[in-house]
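> Spelled out from the first residue to the last, the chains are:
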Amino acid sequence: MRREGSEAERHPAEILLDSNIFLEVQLAQKHARPCGLLLAKVRDGKTRAIVTDFHIDSVVVVMENYGKNPREVVTFLASLTLYKGLTIYHLGLYDRIKAAYAMRDLRLDYDDALALQASRQSSVNRIVSYDEHFDSVMSIKRVVPENLV
Amino acid sequence: MPLVTKMGSMRIYIPDELERRFRETAMRLFGYGRGSISLASEKAFEAWTHQASEVMATVESIEDPVAAIRGMLSNVKKTGVELQHEARGIRSRKASG
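Residue numbers (this note's numbering), protein chains in the order written: chain P, 1 to 149; chain H, 1 to 97.
Bear in mind the hints are in silico, worked out from the structure with no lab data behind them.
In this text, all values refer to a predicted model and were calculated from it rather than measured experimentally.
Hints are supplied without guarantee of correctness; some may be wrong.
[Stated by the list, open to error] Just a few of them, taken from the derived set where beta-carbon distance is under 8 Å, the chain H residues facing chain P: (1) G71; (2) I90; (3) R91.
[To be verified] Here are the computed distance ranges between Cβ atoms for each label pair: (4) P:R104 x H:L39: 37 to 47 Å; (5) H:I12 x P:D53: 22 to 32 Å; (6) P:Q121 x H:M56: 29 to 39 Å; (7) H:L29 x P:N69: 40 to 50 Å; (8) P:N69 x H:E82: 18 to 28 Å; (9) H:G8 x P:K84: 20 to 30 Å.
Cβ coordinates follow ideal geometry from the N, Cα and C atoms, glycine included.
Chain H extracted, bound-state conformation (with noise of 0.2 Å):
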């Protein structure tokens, strides 16, 4: 294993609001001075990659998003509304007990 990490810079383009949030809090946890940011950066990158990785192999075999879900419930003759107004209905059974 190497003792020195190269680094790499990337530009990227963030909503002005996610990124004073993102700024605050990186030198909230690791202070104001150079590198918090960077290392805030690279925690955040490293638990998206993880996530996102834990789930590329069911992504990867979805063509079309759409077409993926089109009739997945062809079975059922009801309305999209009705079933929505039943799904409240299992809430509030389940909450219930």
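One chain only, chain P, in its complex shape (with noise of 0.2 Å):
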């Protein structure tokens, strides 16, 4: 009997969110409101997003450097796991190696290779980003979470 498909399947990840989408938030500056409003679309399930594992850690070593404690850490990771619409991407050498062409070539640092390798692994053609590097890439089209929301 064939099924009619998963969720997933009827609703492959529309957008690649960047660490600063979660940092914007803890921000609590200008932006955290449309950030704020994105990413609970994503909580809902109502957009799906990735994030590779690579960018929520890059969010650790922030608040790590702003002597968050490690109570809040666990917080903000726990938190993810609540994302009905979310899926962590799990970088391996593979994406890394390819990620680092990706610097040579484009002229990008690492990790906007690595998210820019994660995209298209997942078939994803939209990064969520305040992040204006992206803008010189031409397989990825970057998207700020005012246009989303």
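Need the complex rebuilt from these two chains, each delivered in its own frame; the hints are there to steer you.
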């Protein structure tokens, strides 16, 4: 019997989330509201998104650097399990090698190149980010939360 | 402890590619006979349940994942992109000792 398809098949990931989207919510500045609204859509499964494990760690690195205690780090990490529409992309060695090529060919730094590699592997062509470095990359379109909510 | 474990059944839906890899791995590990998929599924469910239960208390204390992180860095007067770039520097410094 052929099934109709899983939720993931019916709704493949639409966007890749950059670290700064989570950071903007944490900063609670001018971008916090649109970022929060976008994350709420992912939380509710209305938007399907991916984020790499590397970019999650970037948020943790920042939190640690600004003196956040392990309990707050746990809260951030545990909160990610509650997003119905969020998939964590685990970067492997192959991804890192491909990213290194992208660094050379597209003049990206390492974490932008990793994001690009994850988006390619996941067939996602939009990255949600405030980082303008992505604007020079033809294969991916950078969007900001203000355009998605 | 009962000598016979009652076995339940579940119908689940997963992406085709994951199903293919799961079946292939299960059969390579446990053989191509009947029961391999069930055995692999039991191990996968057990591993996930064990992992998830360890963080359950924390997860259950979070009502809204977005609200839970809002303002965590409100004392920092920088943008998200600036912080992200700082993280790169921190990583580089740690890597170079």
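> Hint by hint, which ones does the structure fall short of?
Violated hints: none at all, because every hint is consistent with the structure.
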